[in-house]
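Undergrad: Based on the provided sequences and hints, a complete structural model is requested.
So the sequence lines, in the order shown, correspond to chains A and B.
Using the numbering used here, you'd call the opening residue of the first sequence number 2 and step up by one each time.
Using the numbering used here, you'd call the opening residue of the second sequence number 39 and step up by one each time.
Incorrect hints may have been included.
[Said to hold, decoys possible] Quick partial rundown of chain A residues pointing at chain B, CB under 10 Å, derived from the structure: (1) Ser52; (2) Lys56; (3) Ala93; (4) Met103; (5) Tyr106; (6) Ser109; (7) Tyr123; (8) Asn125; (9) Ala167; (10) Leu174.
[Unchecked claim] One-sided excerpt, in silico: chain A residues whose CB lies under 10 Å from chain B: (11) Gly53; (12) Asn100; (13) Met102; (14) Cys116; (15) Ala117; (16) Lys152; (17) Glu153; (18) Ile154.
[Said to hold, decoys possible] Away from chain B, derived, C-beta distances all over 10 Å, residues of chain A: (19) Met29; (20) Glu76; (21) Gln87; (22) Thr107; (23) Ser111; (24) Asn119; (25) Phe140; (26) Arg166; (27) Glu171; (28) Gly183; (29) Thr189; (30) Lys198; (31) Leu215; (32) Glu221; (33) Arg222.
Since the hints were derived computationally from the structure, they do not count as laboratory data.
Glycine included, every Cβ here is placed at the ideal spot set by N, Cα and C.
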Amino acid sequence: MERILNTENLTKHFGGLLAISNLSFDVMQGSITAIIGPNGAGKTTLFNLISGLLKPDSGKILYKEKRLDTKKHWEIPHMGIARTFQNLRVFANMTITENIMMGRYTHSSSGIFSCALNLKRYRNEERDIRERAHYWMEFMNIDSLKGKKLKEIPFEKQRLVEITRAVASEPELILLDEPAAGLNVTETKTLTDSIYKIRELGTTILIVEHDIDLVMEISERIIVLNFGEKIAEGPPKIVRNDEKVIAVYLGSEFAE
Amino acid sequence: MKKLLKSSFSKSIFTFAIAVLLMTIIRNPYHVGILIFLGMNLIITMGLSLLMGYAGQISLGQAAFFGLGAYTTGILTTKLGLPIITAFPLSILLTVSIAFLVGIPTLRLRGHYLAMATLGLGEIVHIVFNELLSLTGGPSGFGNIPLIKIFGIELDNDYKYFVFVWAIVAFILFLSLNIINSRMGRALKSIHREENTASTLGVNTSRLKLTIFVISAGFASMAGFLYAHYVTFLSPGTFSLRFSILLVTMVAVGGMENIWGAITGTVVLTLLPEYLRFFKDFDILIYGIILMSIMILRPEGLYGIKIPLKRLRNNS
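TA: Structure, rendered in structure tokens:
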């Protein structure tokens, strides 16, 4: 198996706070890799660094052995990386279908003039965008939401809309930031099924999640962060029994 | 039939047809003249609606772009004796280039830097119109701008000019509606909502904001071109900050969520002062009260108010 993403000695400060400290790890192609750790461990910062919203102070991020941290943030999705956000970032000023169609932005190229003049090339592309958006809505089992507005549907479905928007861009690597936050047991089950479905496409999944049961169930490899440092790494079975991890999660007296 | 009416092309043709029909009913040069100015205002505010309502940026320099379009074509046709057909692209090109230069540094920043930069630009342009005496005639302006000739017909009366202006209004509406409903329109809406999210979906946000700003300046200069060859006389007073603010107000009063909001606001605020003249000295007071009431009672704009016809009918 080849690695699709890796970091080398990645470091990021916010003023005096060390958010990511000298972090190096690999993500294998086609795997489900989870990043866990207590609040403030630097998980979301790491996602913001990978997706280019933040720039590292030092160290490198490589995607398919090419530098990612030197790219502009809007170029990164064009390389095949999609992400979702912890605090739901769907567009309330658009319909659900339009939200998914935004996921096709990187696969379309009509400029403002061919759009304004309604040229044939643009009309064909627009039809293709709509068809693909519908295809991915069916794939993620949310085709019943076609034509609905975001405010008409529950939170759980809105989260699926956001994930579908990311999947619709047909990424090779998808970053899911706490997808199960705020979901109940049944809703989490639906989410888990969706994650497996995405993986079957050959997409690599990197997931940040607080729900330890979910993480232990789905991931093949877990990276544990604490205060921006990697304290453990490996398959769920090993990480679960790691002394440092238990200390971080349950308090040091349990590690004895 | 319903689907036919929904396309941007038929909406534009329909708008043009209503305007021409209105003209044949009115048949009064004064009122037709007002509707010509309405058409010019619409061309500017449709561009401003793309910028404000969709890209979420405010420009206080639209009057300056309007003026640059007007003065450039005016100076080129009178002082340099160029034919209108050459002056037209040059006046658009000059305005668009200036907007581009102002937009590059300011639209890289987030927040309302564009409003500040265009406020400054508007003042600079106003000063240039006043002080560049040899070309602009200074505060007293200059006249004798030639009339437009199209297919051998000179647009020498209000009725001919009306048709010409409203054909262009329809064309600008067609372009704007197409942009709004395209991938570019969706990208604009996404920027307005959440700029970081837009960029994680691959939208080059600074470039798209710049493009829309330049397009809105292009629309304004188009209106300026039409103004110059209609009024045939230009003086700086028309192109002041006051007019820029009025244009922004039109879009805000009508509703920013939708281009039809900008159109509603422009129609209301262009026609209202004309019909308030009836109140003589009190017109500005009543105008102010109406504006305030709209913003207090309906802050999201006039467009989309549902008149409860059903309830009225049930009650009676």
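Undergrad: If a hint holds in the structure, say so; if it doesn't, say that too.
TA: To see whether the hints hold, each was checked on the structure:
no., hint, result
1, Ser52, "5 Å, holds"
2, Lys56, "14 Å, violated"
3, Ala93, "7 Å, holds"
4, Met103, "5 Å, holds"
5, Tyr106, "5 Å, holds"
6, Ser109, "5 Å, holds"
7, Tyr123, "7 Å, holds"
8, Asn125, "12 Å, violated"
9, Ala167, "9 Å, holds"
10, Leu174, "13 Å, violated"
11, Gly53, "8 Å, holds"
12, Asn100, "9 Å, holds"
13, Met102, "6 Å, holds"
14, Cys116, "4 Å, holds"
15, Ala117, "4 Å, holds"
16, Lys152, "14 Å, violated"
17, Glu153, "18 Å, violated"
18, Ile154, "17 Å, violated"
19, Met29, "23 Å, holds"
20, Glu76, "8 Å, violated"
21, Gln87, "12 Å, holds"
22, Thr107, "4 Å, violated"
23, Ser111, "6 Å, violated"
24, Asn119, "5 Å, violated"
25, Phe140, "18 Å, holds"
26, Arg166, "7 Å, violated"
27, Glu171, "12 Å, holds"
28, Gly183, "18 Å, holds"
29, Thr189, "24 Å, holds"
30, Lys198, "21 Å, holds"
31, Leu215, "23 Å, holds"
32, Glu221, "25 Å, holds"
33, Arg222, "24 Å, holds"
Hint compliance for this structure: hints 2, 8, 10, 16, 17, 18, 20, 22, 23, 24, 26 are not met, and every other hint is.
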